[in-house]
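Participant: Next come the chains, spelled out residue by residue.
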Amino acid sequence: MREKLIFEHSARGRSAEAQYPLEAARASVPEALRRRTAPRLPEVSELQAVRHFTRLSQLNFSIDTHFYPLGSCTMKYNPRACNQYAMLPEFLGRHPLAPDSTGQGILQCLHELQEMLKEVTGMRGVSLTPMAGAQGEFAGVAMIRAYHDARNDRARNEIIVPDAAHGTNPATATMCGCTVKEIPSLPNGDIDLGALEAAVGPQTAGIMLTNPSTLGVFERRIHEVARIVHEAGGLLYYDGANLNAILGKVRPGDMGFDVIHMNLHKTFSTPHGGGGPGSGAVGVGERLLPFMPVPVVGREGDRYRWFDERDLPQSIGRLSAFMGNTGVLLRAYIYMRMLGREGMHRVSEFATLNANYLMARLTDAGFELAYPERRAGHEFIVTLRREAREYGTTAMDFAKRLLDYGFHAPTTYFPLLVPECLLIEPTETESKQELDAFVDAMVAIREEARTDPAKLKGAPYTLPVRRLDDVRAAKQLDLAWKSA
Amino acid sequence: MPFIPHTDDDVRGMLAAIGIPGIDSLFDEIPAELRARALDGIPLAASEMQIGRLMSERAARDGKRLNFIGAGAYEHHVPSAVWAIVTRGEYYSAYTPYQAEASQGTLQLLYEYQSMMTSLTGMDASNASLYDGATAVAEACLMAVRAHRRSKSQRILLPAALHPRYRDTVRAVAGNQKLAFELLPYDASGGQTTLASLEQYRGQDVTALVIQQPNFFGTLEDVDALTDRAHEMGMLVIAVVNPTSLAILKPPGEWGAKGVDIVCGEGQPLGVPLSSGGPYFGFMTTRMEHVRQMPGRIVGRTVDLDDKPGFTLTLQAREQHIRRSKATSNICTNQGLLVTAATIYMSLLGPKGLSQVAATCLERSGQLVDALTRVPGVRLAFGGPRFHEALLLLDRPVRGVLEALAARGVVGGLDVTADYPSLGHGLLVCATETRTPEDVETYRSALADVMKNAAAA
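Residue numbers (this note's numbering), protein chains in the order written: chain A, 652 to 1135; chain B, 2 to 458.
So here's chain A without its partners, still in its complex pose:
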């Protein structure tokens, strides 16, 4: 199935007339500042627009329609209640700069969210303003820099990251004006402590870690890591991408981390929206409290108000024009309240149960694990290097063929250090039956790879398009429609 471009449905003079004022307004704009030719927006009826965008939606895989085991992304069910009650008209109609006295209801929700996130992470303060994981990372590293600067310890501008780190970690360090030092992982997935000892020094601002790591395994010697970095004068940053694996079981604050970001769109089930909006709320320990990004919700007696630069004069400042992705925060709040105290640890337990079960089933079926001697966290890595060697089929071929079987592909080729890898994260909201069906599909695809590898190379066959020419897309840039 294909769908024409919206512009190809367009006809001059057609419009959805119920949607705009019809009054003859006089736009008294000076001649020199006036637009001369109308923008090329579609001219369609309301039904044409509705039908077009509904049809487009049907070309997507999504959590609501398909198993979506995309490693590192935590594609769990997004409860509908979170959407419904975050979109109450009073919340949607409220201007962000309206007086705090007119928003005590929403401020109370956000304040309670800050408190719940503090409790579940073991941190001392939370700022909700970062609008995605990468912005949370930015806030975290900027706070680390601000901390060193405030102590006149200005030579500390190096951030250590493990080689398995998500690409946003080194990119963030650069955006914060730091240099990046990568350290290797051991064959068992743990950090090489010798390399860490050698890497730290008076130039060390801090280290960015995910735990469990992007290799899917828990860093067992985290206390040692914390000791080495702290003794060298650096701080520890926790990338919360994998918080789903340990929720309610271990708290980053107890592991020795000074600052963390949480991907509310992963662990707390706010929607991924086809690429956002997310939320990268940050939590800090005692030392970084004065540097949190503003605004944060403060409570004075039974009143709530936004605290800004006047309340936190050492703040790293503002990361958005207003107060972050408020609607996303409300969804996370509703989700946490629905899970409650007794539901937090269930998230990590069943996410980990699902991952280890799927890992065991795939191992029994003869697939090779990247870290066979380790317990999986909430995700694990299969390497298809044997299939690549014997059948000439790549991880990408398996991924594309999985689409034909009705499964979104796992993350491919990340982390970069494992060849031909699939990073598989089932999440706690999938049933055993769904996991079993995924194993059956993987087994069937490997059998196809053995008997008819060309079939995998040509996949997918049943989707709206077949495999796309990415090289041509980058060489012959076609980034916007132009009328013929």
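Derived by calculation from the structure, the hints in this document are not laboratory data. Note that beta-carbon positions come from the ideal geometry of N, C-alpha and C, so glycine has one too. There's no promise every hint is true.
For lysine-lysine, the following DSS-like pairs were computed, each having C-alpha atoms within a straight-line distance of at most 25 Å [claimed, not checked]: (1) K309/B - K1126/A; (2) K1106/A - K309/B; (3) K1108/A - K309/B; (4) K1108/A - K1126/A; (5) K309/B - K832/A; (6) K327/B - K153/B.
Now the stretches of chain A that chain B is said to cover, found in silico as 3 or more residues with beta-carbon under 8 Å [unchecked claim]: (7) 751 to 759; (8) 794 to 806; (9) 818 to 829; (10) 861 to 875; (11) 922 to 936; (12) 1105 to 1114.
Cβ-to-Cβ under 10 Å is the rule here; a few derived chain B residues that face chain A [claimed, not checked]: (13) L35; (14) Q105; (15) T136; (16) S190; (17) V376; (18) R380; (19) L394; (20) A408.
Got chain A; can you put chain B on it based on the hints?
Facilitator: Same frame as chain A, now just chain B:
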């Protein structure tokens, strides 16, 4: 167990397959001393019915008021179809379209969005969104430093009439990379950034000039002259624009002789509710020569194995997941769902609808200014041409007036005294197409009442 489907039988079977006695064994690699205690600070679970009631009560407590604040977030009519479609699970619960073949809906929509934004702004290429208007300006400044290879100074000129929170954000986001920002004054009578203020930089190395149109005061800048002068002096030009206004205002691609180099801004007016502050989205467009310096996702049209057209993420070599510490930005997740709303909004409004909205905003805000400046103690700050916002000056502190108005159900504008102390008691007001002439009269009579009472007191 909410949202967890496992039966007892399932769990038993799964544990047997793993070969462990209980779920707790799954965490045996975690040192015992690290195990968390009970999370007493989190309330007990609430059912959907209970949380629904709680949220409804809190929302009702906040209530609804007649809003006259703009300042970067604008109340427009949003067609019912927009969010009915946006919240379809296929858009709402999908992720970044890494698997292009399974994401053609999102990818084609983004391509259509890019097409609309390039036309609206008069540029060649658009990205698929940034976080918001303020961070878009920060990213544009960083992009200008990369794109302007002959300039080594990393100096950027920001007008004092640029949104103050945008200036704060630009400093917080870009300041760590040693960019230097300098403020350009505005004309005290017209409220516009003065051409003369650029002259002191003649002969110096300055990377870029930022121009906001309309500026924070709602005033229209002399964009042609500013663009030409900046280009003549060797700077790149970054336009910060309101997308609604572009239905009737000259697109930045046509400013001056050559047009600007980078366009960015807040996309919220295009179908996104005020939502107490977000999520919104930032947009960015540029000329083809700078496209490889642009941050964020970009979608391209290509062909598949059967030579049929399809869409995919492209120019990914700019991005963090490929380039790591050398990426154009660390941005990963952006604001996809809001772009979905904007694309449907622009399709429903079309060129005629959007221009009707813009013209009605202009007319209504004119009526608002006329009405409010008839109230004793209220005058207009600047005489320059405007879009849908205006700065008023009161004869007394704004804060108390706003509180008194709020008690009367009117959110009367933004107090800008702290940001512009030299202007006196500044009140920034806005009216869009959603305000009726009756709403304007409601505000006028409430304000007259408040000003009279305060005078009496």
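Participant: Against this structure, judge whether each hint is valid.
Facilitator: Going down the list of hints, with the structure as the test:
About 17 Å separates the Cα atoms of K309/B and K1126/A, which keeps this hinted pair within 25 Å; it holds. About 19 Å separates the Cα atoms of K1106/A and K309/B, which keeps this hinted pair within 25 Å; it holds. At most 25 Å may separate the alpha-carbon atoms for a hinted pair to count; K1108/A and K309/B meet this at roughly 18 Å. For the proposed pair K1108/A and K1126/A, the alpha carbon gap of about 23 Å is at most 25 Å, so the pair holds.
With a CA separation close to 44 Å, the supplied pair K309/B and K832/A exceeds the 25 Å bound. The hinted pair formed by K327/B and K153/B meets the criterion: a straight-line CA distance of about 18 Å does not exceed 25 Å. Interface restraint, the stretch 751 to 759 of chain A with chain B: holds (7 residues with C-beta to C-beta distance below 8 Å; minimum three). Coverage of the stretch 794 to 806 of chain A by chain B is violated. Counting CB-CB distances below 8 Å, 1 residues qualify, and the rule asks for three or more.
By the rule of at least three residues with a Cβ nearer than 8 Å to a Cβ of chain B, the coverage given for the stretch 818 to 829 of chain A holds, with 10 such residues. With 5 residues carrying a beta carbon less than 8 Å from a beta carbon of chain B, the stretch 861 to 875 of chain A meets the three-residue requirement, and the given coverage holds. Here's how the stretch 922 to 936 of chain A fares: 8 of its residues keep a CB closer than 8 Å to some CB of chain B, so the rule of at least three is met and the hint holds. With 3 residues having a beta carbon nearer than 8 Å to a beta carbon of chain B, the stretch 1105 to 1114 of chain A meets the requirement of three or more and the stated coverage holds.
The interface hint given for L35/B is met, as the beta carbon of that residue sits about 5 Å from the closest beta carbon of chain A, less than 10 Å. With a least beta-carbon distance of about 4 Å to chain A, the hint placing Q105/B at the interface is held under the 10 Å criterion. Using the Cβ-Cβ criterion of 10 Å, the hint placing T136/B at the interface with chain A is satisfied: the shortest such distance is roughly 6 Å. A distance limit of 10 Å between C-beta atoms decides the matter here; for S190/B the minimum to chain A is near 16 Å, and the interface restraint is violated.
At its closest, the beta carbon of V376/B sits 20 Å from a beta carbon of chain A; the interface hint therefore is violated under the 10 Å criterion. Look at R380/B: its Cβ only gets to about 20 Å from chain A, farther than 10 Å, so that hint breaks. A hinted interface residue such as L394/B counts as satisfied when its beta carbon comes closer than 10 Å to some beta carbon of chain A; here the least separation is about 19 Å, so the hint is violated. At about 9 Å, the closest approach between the beta carbon of A408/B and any beta carbon in chain A falls short of 10 Å, and the interface hint on this residue holds.
The structure does not agree with the numbered hints 5, 8, 16, 17, 18 and 19 stated previously, though it agrees with the rest.
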